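Modelling step: build the complete structure from the supplied sequences, incorporating the hints.
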Amino acid sequence: MPDPTPRDTPKRRPWSRPVIVGALIAFALVATAGLYWFQPWKLWQDETVREELVVPTAPPQTAPPAPGASAPTSPPGPTTLATGELISHEHRTTGTVKVVLLPDGSRTLRLEGLDTSNGPDLQVWITDAPVKEGTAGWRVFDDGAYENLGKLKGNKGDQNYALPTDIDLDRFTSVSIWCARFSVSFGAAELNPA
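Here the working numbering is used: the first residue of the sequence shown is 111, the next is one more, and so on.
Read the hints as simulated data drawn from the structure, not as lab findings.
Bear in mind the structure is a predicted one, so any value in this text is a computation, not a measurement.
A few of these clues could be false.
As the list claims (entries may be wrong) - Below, a list of computed lysine-lysine pairs in the DSS-like style, where the Cα atoms sit at most 30 angstroms apart:
#, residue 1, residue 2
1, Lys266, Lys242
2, Lys242, Lys263
3, Lys242, Lys261
To be verified - Simulated restraints, written as ranges between beta carbons of each label pair:
#, residue 1, residue 2, range
4, Asp225, Glu162, 16 to 22 angstroms
5, Asp225, Gly187, 26 to 32 angstroms
6, Ala304, Glu243, 51 to 57 angstroms
7, Val131, Val164, 53 to 59 angstroms
8, Ile130, Lys261, 39 to 45 angstroms
9, Ala255, Gly215, 20 to 26 angstroms
10, Pro166, Lys261, 19 to 25 angstroms
11, Ser293, Pro166, 32 to 38 angstroms
12, Thr190, Ala255, 20 to 26 angstroms
13, Phe292, Gly254, 15 to 21 angstroms
14, Glu257, Pro128, 48 to 54 angstroms
Just so you know, even glycine gets a beta-carbon here, dropped at the ideal spot from N, CA and C.
Shown next, in the form of structure tokens:
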């Protein structure tokens, strides 16, 4: 009676050791690059900032007022030039945006009660783009003119950003919490004259 097991059956070769090691190294590199790019842990990390509006004071008077001169007046307080309410885009975002004129003539963009998600490379932009609801408004802020006011200091709280002197508030009428890594708005506000 013949043997039921054929002797000429080729044996399956398991993957060779160099191929397995190469695949593991490639997987580790892709996973590391993905973690760096997306930074998913930031979704569970909040950074709260509680900045007060800093109002410059008048320089101290070095000489007494001349006889008959009127007493020096204190500079006027800060004046709100424009305001807006943040709406959500890519991530749920709430809070108030104000443009404040300070007594020394400088202007500050102030975020109050900001509450948004944390993320990689978040910035504060003032732009000429219209604020649109929903996904239609996610990617419009880099289409026209914009000014990057700096890295978002925290995803929660109150914070101030100096406005360049040449920013025309008749032209730059919106603010975006912009994720530069993915070119998307987390939230935005239309600035309306106060």
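Hint by hint, here is what the structure shows:
1. Between the alpha carbons of lysine 266 and lysine 242 the distance comes to roughly 23 angstroms, so the proposed pair stays at or under 30 angstroms and holds.
2. Proposed proximity of lysine 242 and lysine 263 is supported: the alpha carbons are some 25 angstroms apart, at most 30 angstroms.
3. Proposed proximity of lysine 242 and lysine 261 is supported: the alpha carbons are some 23 angstroms apart, at most 30 angstroms.
4. For the hinted restraint 16 to 22 angstroms between aspartate 225 and glutamate 162, the CB-CB distance of approximately 19 angstroms keeps it satisfied.
5. Between aspartate 225 and glycine 187 the Cβ separation comes to about 27 angstroms, which falls inside the hinted range of 26 to 32 angstroms.
6. As the Cβ distance of alanine 304 to glutamate 243 is approximately 23 angstroms, the hint placing it in 51 to 57 angstroms is violated.
7. A beta carbon spacing of about 57 angstroms between valine 131 and valine 164 agrees with the range 53 to 59 angstroms that was offered as a hint.
8. In this structure the hint that isoleucine 130 and lysine 261 lie 39 to 45 angstroms apart at CB holds, the actual value being about 42 angstroms.
9. Evaluation of the 20 to 26 angstroms hint for alanine 255 and glycine 215 yields a pass: the beta carbon distance comes to about 23 angstroms.
10. Proline 166 and lysine 261 have their C-beta atoms about 23 angstroms apart, which keeps the hinted 19 to 25 angstroms range intact.
11. In this structure the hint that serine 293 and proline 166 lie 32 to 38 angstroms apart at CB holds, the actual value being about 36 angstroms.
12. In this structure the supplied range 20 to 26 angstroms holds for threonine 190 paired with alanine 255, their Cβ-Cβ distance being about 23 angstroms.
13. The hinted range of 15 to 21 angstroms is satisfied by phenylalanine 292 and glycine 254, whose Cβ atoms lie roughly 19 angstroms apart.
14. Checked against the given bound of 48 to 54 angstroms, the beta carbons of glutamate 257 and proline 128, roughly 53 angstroms apart, stay inside it.
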